[in-house]
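Generate the whole structure from the sequences, applying the supplied hints.
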Amino acid sequence: MPDIEWVYIKINGIALKVPKGEMIIESAKRIGVEIPFFCYHPRLSMKEGGANCRMCLVEVASRMPDGSLRKMPKPQTSCSLPAAEGMEIETDTEALNADRRGVLEFLLINHPLDCPICDRGGECPLQNNTMHYGPPTTRFIEEKRHFPKAYPLSQYVVFDRERCIHCARCTRFTRDISGDEELNFLWRGADMEVATFDHTEYNSRFSGNVIELCPVGALLSRPYRFKARPWDLQSAKSICTQCSNGCNIKLDYRLDRIHRVNARLNEDVNEEWTCDKGKFGMDYISDESRLKTPMIRRNGELSPASWEEVLYLIASELKNAEGEVAGVGGAYSSNEDIYVFQKFMRETLRSKHIDHRMGPNFQSYNSGLLKRFGCPAMGNPIAELEDMKSTLIFGSNFVDEQPILYLRVRKGWRFKRNKVVEAAPQGLISEEIRHVTQFAEVSLNYKNGTELPLAQGLLAALFEDKGRPLGEQKLLSHLSGKNVAQCASETGVDEKDIRKAAELLATDKMCIFAGEYVTHSPDATAILEVLGDIAVLTGNAGNLNVPVSRNNEQGAMELGILPDMLPGYVEEQNPGMNTEEILSACVKEDLKALWVMNTDLVKEYHNSDLANSAMDACPFVVVTALAITDTAAKANVVLPVHSVAEKWGTFTNVERRVQAFCKAFEISPDIHAEWKVFSDLSSMLGSPMTYADGKDILNEIVKSVPTFAKCGPNTLGDEGVILNPVAGGKE
Amino acid sequence: MDNENSNSITPETGERTSCKSEGRFSPNAIAELDEIITHYPNKKAAMLPALWIAQREYGGYLTREAIREVARLLGRPKAEVEGVATFYSMYNFKPKGKHHLEVCTCLTCGCVGAYGVVHKLEEMLGIHLGETTSDGEFTLSEVECLDWCEAGTVIQVGNKYFGHVTKDNVEMVLEQLRESDDHTSPSLADDIVKILLPKGEPKSKVE
Ligand code: SF4
Ligand code: SF4
Ligand code: FES
Ligand code: FES
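One line per chain: the protein sequences are A and B, in this order. Per the numbering used here, residue 1 is the first one in the first sequence, and the count goes up by one each step. Per the numbering used here, residue 1 is the first one in the second sequence, and the count goes up by one each step.
You can trust all of the hints, since none of them are fake.
Restraint-style ranges between C-beta atoms, simulated for each label pair:
#: 1; chain 1: A; residue 1: PRO116; chain 2: B; residue 2: GLU131; range: 38 to 48 Å
#: 2; chain 1: B; residue 1: GLU137; chain 2: A; residue 2: ASP283; range: 53 to 63 Å
#: 3; chain 1: A; residue 1: GLU48; chain 2: B; residue 2: ARG24; range: 24 to 34 Å
Pairs of lysine to aspartate or glutamate, EDC-like flavour, derived with a Cα cap of 16 Å:
#: 4; chain 1: A; residue 1: LYS292; chain 2: A; residue 2: GLU308
#: 5; chain 1: B; residue 1: LYS94; chain 2: A; residue 2: ASP198
#: 6; chain 1: B; residue 1: LYS44; chain 2: A; residue 2: GLU48
#: 7; chain 1: A; residue 1: LYS411; chain 2: A; residue 2: GLU386
#: 8; chain 1: B; residue 1: LYS96; chain 2: B; residue 2: ASP135
#: 9; chain 1: A; residue 1: LYS20; chain 2: A; residue 2: ASP3
Pulled a few chain B residues facing chain A out of the computed Cβ check, cut under 8 Å:
#: 10; residue: ARG64
#: 11; residue: ALA79
#: 12; residue: GLU80
#: 13; residue: GLY83
#: 14; residue: THR86
#: 15; residue: PHE87
Bear in mind the hints are in silico, worked out from the structure with no lab data behind them. Note that CB positions come from ideal geometry on N, CA and C, so glycine has one too.
As structure tokens, this is what we get:
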């Protein structure tokens with residue numbers, strides 16, 4: 001990092017020291033001076049399309065080489081004014097107030113008087129700035145321009161063109177951040193309007209963000225439209241459950257209904273973005289289908305029962321099962337639930353047969369990545385990704401699998417000139433899904449199923465590169481004697497492209513992502529070994545990332561819902577059965593009871609036939625669930641459990657960051673926290689567990705699992721804490 | 001799609017891959033575009049010339065397929081190409097008559113009777129400003145200064161300027177044009193493309 005060069009400036013007579021070149025609008029924030037603005041956004045490019053609203057004007061006097069001060073004759077836009085030594089800035093003069101009144105009067109020429117019926121009302125920058133700085137009346141007596149109201153841009157976003165003030169935040173977002181470049185300005189001057197190409201559907205994985213970015217009520221959420229006014233809503237800090245990235249969000253709710261989801265700032269994770277899965281996918285929490293009472297199968301039908309009844313039944317069945325019990329699932333439950341679940345299974349029921357994985361691969365955790373790099377999933381924290389000089393995205397539909405990691409990688413490319421190499425199976429790159437391809441320096445489009453030879457080709461190219469040492473015999477062995485040309489013909493990729501890709505990867509800051517085409521491949525272990533070799537060979541050992549994809553899948557690994565690992569990756573001497581073995585054992589009637597932890601097993605397990613027949617064959621199946629899923633419909637007992645909105649808890653995200661979510665509301669007293677179910681049962685079975693709440697459990701985890709040592713409920717804060725490294729060898 | 005700084009001129013690296021057409025660009029048009037792209041730091045910068053070629057190839061106006069094709073040939077987002085095209089008034093988005101009469105009604109021409117010419121034309125053609133005759137022969141528009149003020153009133157028709165037009169001699173202009181297949185919108189587009197090519201044609205001319 002080069003040293004920051006500091007300059008001394010004055011804002012409203014207050015002297016301060018700021019980094020040279022910092023925009024004055026940012027410097028003013030340092031001393032609490034507020035400058036009104038619309039188009040400025042620190043994460044959007046200023047160079048292309050910024051500084052267009054003119055709301056942020058300030059008066060500037062610059063220091064001349066002879067030391068004198070010279071006042072600029074015209075006010076300047078502080079969002080694009082870099083700080084320089086000796087500058088003196090005024091933000092609050094009569095002249096500026098007149099300018100701001102003028103700017104607002106101009107912006108309001110075409111803006112309709114919609115505030116009373118506008119979803120943005122109450123939290124609208126245009127409304128607020130007009131109240132504060134605006135003229136009370138307008139001189140414009142002509143007809144305003146008109147467009148149809150509520151034009152649907154996509155299934156999530158409606159657009160009211162009359163309200164648009166042409167700040168270009170949305171258009172810049174699609175270009176600078178999300179990368180789909182779907183929105184742009186049409187026409188010119190007074191006719192200008194934001195539009196997609198030919199008014200086609202706004203097709204983006206991140207469209208919801210423009211709703212929050214728009215400084216007026218022009219871009220609005222379709223599901224939220226007319227549902228509530230912001231001042232009627234309460235807000236709870238939460239974590240998105242739709243994927244492993246763990247975006248920080250706010251659940252805005254009223255009574256027991258979620259009305260909308262907005263992003264919550266976390267510079268280390270999602271910055272201020274969410275993807276559409278998260279922003280529009282959390283309604284399940286207050287969905288009608290939520291199960292509100294336990295269900296028991298009587299005469300073949302699931303019918304409501306009391307908690308007392310079901311717990312008594314389960315306790316007696318589990319007692320009879322005498323350890324011939326297994327548990328699957330857990331990737332959607334909180335760390336606390338997971339911890340108590342495995343403790344209940346291992347200590348109370350004396351069963352080692354627990355697994356959260358849904359296949360198709362069930363590698364032993366005691367080998368592979370963990371052994372080699374000491375890191376079972378991601379080697380790099382998310383924030384570091386934007387500083388990787390080159391990134392290899394291997395076998396992944398990255399934007400869908402890892403939306404937030406995708407945004408970081410793209411940010412590094414867009415704003416820091418990093419290079420990206422993509423390796424994707426043929427067919428994945430199409431007109432529609434080509435998000436990484438759009439900015440990848442090289443795209444290797446390989447024949448389906450040839451991940452291994454392609455990885456070998458890259459490794460071979462790195463070896464053959466003259467500048468590289470050839471000594472590492474161990475690495476060489478993974479090549480199985482192949483050279484680049486052979487790998488090229490096997491994979492159907494141009495040899496030149498493989499070499500060019502390898503050249504790009506040979507930087508001192510390189511990281512690799514292996515996606516689901518790798519982890520679901522029968523050759524997964526071998527491919528990861530070779531990708532690991534590439535990391536080692538380029539001097540980036542440890543920068544191999546195999547990100548998990550489900551909500552708390554990482555937590556399930558860390559806290560030992562694995563047949564061969566206890567919490568904190570402590571090796572289990574005599575491993576239990578993995579999911580596949582458990583389900584087969586059910587079919588063979590070797591197990592007396594199966595617990596499915598909040599997972600739609602028959603949908604998610606890679607072989608649904610096996611899952612279905614296991615569910616049918618097992619004499620006693622308990623399912624914890626939010627609603628009656630296909631799996632729950634087959635159970636003997638279904639227990640309604642809390643969603644993320646109904647309790648305090650923590651998740652571990654893809655980069656091993658433990659983050660807390662807060663309780664918003666309760667839907668029914670007959671819905672219990674999952675951990676509560678296990679602790680009640682455990683007590684009934686003679687091993688009392690006395691947790692008062694989730695924080696109690698987390699405290700126990702902190703004490704007993706070394707990787708969690710820094711993650712106490714009081715140290716997590718709003719940003720969360722990354723787990724300690726796993727003890728053990730690191731290459 | 002580019003890095004934030006890539007608008008600055010970057011040295012040409014590697015061999016250039018030739019544009020492939022799947023739309024209405026003829027092989028010659030592709031050759032022209034390939035050539036023109038070499039005059040610019042990147043493909044994005046060649047967008048206006050590319051749109052002129054498209055306007056010619058698509059018969060005088062830009063359809064959505066034309067925008068799509070330009071976007072594909074330049075590797076740019078469709079919304080961006082549409083945004084650029086609609087910013088400029090000389091690209092057409094609707095079919096025009098074979099001859100597009102653009103009468104200058106700016107200050108100087110206005111002083112020497114441009115509106116008289118306009119009214120006479122309206123009368124002779126039986127249409128109003130902005131309209132096209134039913135036989136598809138003429139479209140009538142008014143435009144701002146055409147930069148030949150000393151010859152006002154000026155009418156631009158495709159790639160030809162008519163100067164010293166008055167309401168009395170404008171009939172001659174119409175007569176000349178009725179006979180001719182030149183001076184159409186595509187011929188204007190073609191002339192502009194020629195100007196953009198130093199030798200008036202691509203180095204590798206396709207017959
Ligand atoms: S729609 Fe909103 S964000 Fe987009 S340009 Fe208009 S005011 Fe700005
Ligand atoms: S990226 Fe993942 S965590 Fe973030 S909003 Fe989307 S689904 Fe939720
Ligand atoms: S905020 Fe500075 S010009 Fe818009
Ligand atoms: S005013 Fe008509 S050409 Fe200039």
